[in-house]
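Enquirer: Work the whole structure out from these sequences, hints included.
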Amino acid sequence: GAGVSQSPSNKVTEKGKDVELRCDPISGHTALYWYRQSLGQGLEFLIYFQGNSAPDKSGLPSDRFSAERTGGSVSTLTIQRTQQEDSAVYLCASSFRNRRNTIYFGEGSWLTVV
Amino acid sequence: TQLLEQSPQFLSIQEGENLTVYCNSSSVFSSLQWYRQEPGEGPVLLVTVVTGGEVKKLKRLTFQFGDARKDSSLHITAAQTGDTGLYLCAGTRGGAGSYQLTFGKGTKLSVIP
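As they're listed, the protein sequences go chains A and B.
The opening residue of the first sequence carries number 1 in our numbering; numbering runs sequentially from there.
The opening residue of the second sequence carries number 1 in our numbering; numbering runs sequentially from there.
Take these hints with a grain of salt, some might be off.
Stated by the list, open to error - Mimicking DSBU-like on lysine-lysine, the simulated pairs with C-alpha atoms at most 30 Å apart in a straight line are:
#1 A:K57 / B:K56
#2 B:K70 / B:K105
#3 A:K57 / B:K105
#4 B:K105 / A:K11
#5 A:K15 / B:K105
As the list claims (entries may be wrong) - Label-pair ranges, simulated between beta-carbon atoms:
#6 B:N18 / A:D18: 46 to 52 Å
#7 A:S53 / B:P113: 46 to 52 Å
#8 B:S98 / A:V74: 38 to 44 Å
If you're looking for bench data, these hints aren't it; they were derived computationally from the structure.
For every residue, glycine included, the Cβ atom is placed at its ideal position computed from N, Cα and C.
Expert: Structural data, given as structure tokens:
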């Protein structure tokens, strides 16, 4: 597709369950980002992938969070043993490596943990 | 402590009025961006400013980066209902290769017909 595609758009899960969120970046974009937007908070950086380089995981809030990017394209963000405070919109974005000032966001995955 | 403070948090104005929203920090940013986000969608980039004192115009929107690169403003002239949304500022620190955006909490603008 033309834009960053995320799925699912909405997910309700029970506390303690694992969830996987998927991001399909814009074709040709080598940089991929995950951000989290919680109610009343600004967007919070989670993780950054660039090509085949080791990802910058410095924003992941706990070891329950992990992400991978297969084949330099699709990325999956996994949250294990979800907690209520994990409820948020998880936004994926992508960009060209040499145009990191211009990133394109997907519509987000709204996660609710009950 | 929020690195980027946006004000006001909420703004409700009549169509046709002018408005200014602010993004302030005590830290220096190498670049600053403004986004607009509508409900159920991701943020959409409006502009990037990189030089202290820089002014950029996008139709009825005027963006300014402070001389010291610590603050920015967005001015909208003759607001329209289509301007309604959440306006976010975000900055990058460090060198030109920095990719991690620091976001403010946003200004929620409602333009009433």
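Enquirer: Does each hint hold? Answer for all of them.
Expert: Checked hints:
Taking the CA atoms of K57 (chain A) and K56 (chain B), the gap is near 34 Å; set against the 30 Å cutoff, the hint is violated. Pair hint K70 (chain B) plus K105 (chain B) holds up; C-alpha atoms about 16 Å apart against a cutoff of 30 Å. For the hint linking K57 (chain A) to K105 (chain B), the alpha-carbon distance of about 22 Å falls within 30 Å, and the restraint holds. Our distance criterion of 30 Å between C-alpha atoms is met by K105 (chain B) and K11 (chain A), whose separation comes to about 24 Å.
Taking the CA atoms of K15 (chain A) and K105 (chain B), the gap is about 27 Å. The hint holds against a cut of 30 Å. Between N18 (chain B) and D18 (chain A) the CB atoms are about 49 Å apart, so this pair conforms to the stated range of 46 to 52 Å. As the Cβ distance of S53 (chain A) to P113 (chain B) is approximately 49 Å, the hint placing it in 46 to 52 Å holds. Distance hint check for S98 (chain B) and V74 (chain A): the Cβ-Cβ separation is about 25 Å, which falls outside the suggested range of 38 to 44 Å.
Consistency with the previously given hints fails for numbers 1 and 8, ordered from lowest to highest.
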